[in-house]
Amino acid sequence: MPQVAAYDSKIEGNVIFTQLDAAMNWMRKNSLWPMPMGLACCAIELMAAAASRFDIARFGSEVMRFSPRQCDVMIVAGTVTYKMALAVKRIWEQMPEPKWCIAMGACASSGGMYRSYAVLQGIDQLIPVDVYISGCPPRPEALLEGLMRLQKKIEGEQSFLAQKPRLAAELAPEIQRRPPVRAYVRGGIVGAPPSKRTLA
Amino acid sequence: MELRPPNERSHESGPGKTKMTGPELLKSLSRLLGLKIQSRIEFRHETTFTIQPQDLREVAKFGRDELSFDYLIDISSVDNLGEEPRFEVVYELYSMTLAIHLRLKLAVSEEVCAVDTVSDIWPTADWHEREIYDMMGIRFNNHPDLRRILMWDGYPFFPLRKDFPLEGLPSEMPDVAFTSAAPMEGGPFVTQPSTATAKDREPRARRPEVTS
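Residue numbers (this note's numbering), protein chains in the order written: chain A, 1 to 200; chain B, 1 to 212.
Any given hint could turn out to be false.
As the list claims (entries may be wrong) - Selected chain B positions facing chain A (Cβ under 10 Å, derived; list incomplete): (1) Q38; (2) L56; (3) E58; (4) Y71; (5) I73; (6) D74; (7) V108; (8) C113; (9) W152; (10) F157; (11) A182; (12) P193; (13) S194.
As the list claims (entries may be wrong) - Cβ pair distances, simulated, as ranges: (14) B:E202 with A:E62: 36 to 44 Å; (15) B:L150 with A:E93: 53 to 61 Å; (16) B:R44 with A:R90: 31 to 39 Å.
Since the hints were derived computationally from the structure, they do not count as laboratory data. All values reported here derive from a predicted model rather than from experimental measurement. Where is the CB? At the ideal position from N, CA and C, for every residue including glycine.
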C-alpha cells in the first residue's frame, strides 16, 4: 500500500494542520449539548436564553437533551433541595465523559437565600462545578457569559493525552506517558472551596 | 325579587329551614353549636370558634351539611412551644352559597399529638393533613394515607416545630437523601428596622458589636 499523502490538489486549500487537542476542543466547545436541570426560577431564564431573543444556538448549545446520555454540560438552574440532590447526582453520573457543569444562579452555587434545613448549600457539594454564575436569577446574558467562559476553559484542556490515554498509547507507543491531568480543573468564574463530599 | 349583596344571600336549606343570611347565620352559630364551642372571637368581621378536639368531626359534619360550609380553604398548625397545650390546629372554612368565612381552632397537647381526620368530610383535607403531619408531627386518626408529603419517608425530624433549628440537623438515608446543617455565618439574616440608609439596613451577617 502506498503511503496516503496529506497533500491532494483537489482539496488544496481545505487542509488545516493543527494540534489534535485543538481540533477536539474546537469541536467540543462549539457543540456543548446542555442537560437542562431546571429546578426553580433560573430555569425560566434558561428558557429565555434558549429562545430567539438571546439565542443560545449562536454558541452551539441549543440542543437541550432530556436524556443525560446525550449531554455534555449540565446546567443546574435553580434551588437544589435535599430531596432532589441525589437525583441530580444520579443524572450527572449518567452523562458520558467528557462532561462539564454550570451552577447557574445563587441557589445552585451556594444555596442562595435558603439557609435552610431543606436546601443543599451548593451543588458543588455533590458534583464538580466548572463555572459558577452569580445572580438571582442571572440574566440570560450572564448564562451566555458563563457558557463562553466554559468554552474558553475547554479550549485549554489536554483532551487527547489526558482523556484518551489508551488510544494515545495504541496510536503512538513512543509517546512518553505523561502524568494524567485532572479532568476538572477548578477554573471557574467564582471559586468556592470543595467540600469533603466532593472528594469522597 | 329583592336583590342582595353576595354576602347577604339567603341560606335556603339551613337549620330549621329558615331563610338566613350569612351574617345572621354566623350570629346564630353559637346557639346552633351550643356547648361544643369553648370560645368565640370576633375580629374585623372574622369569626373564630375554639372547639374540643373530640368534637371536631361532629362540628365539621354539621358545618358542612347543615350550615353549608362546603369549602375547606386550608388547615394549618401552630406550635406554641412552652405553653400547654402545645399545638393548635386551625381550619379555615368557607361557604360558597353564603360567602362567609368561619375559622375553627382546636388545641392539641404534645402527649396526644393527634386529631381526627376530616378528609372524608372535605377530601381536600387529605394533603393538608399530610403536610401538617410532615412539618409539625401531628398525626391524624383514620387518615387514609398518612405519609410525609414534602420531606421523604424516613426523615427523622419535624422541621416546622419551634425547637427545630432553622439551619436544620444532619441526617442520612442511603440512596434516598441526606441533610446537613446549613452554615449560618452570623445569620439569620434579618433586616433591622431603623432610619439608617438602605445599605446599613439590608439583611446581612453582622458582627455582634455592630448589632448591639
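Going through the earlier hints one by one, which of them does the structure break, listed in rising order? 1, 2, 3, 4, 5, 6, 7, 8, 12, 13, 15, 16
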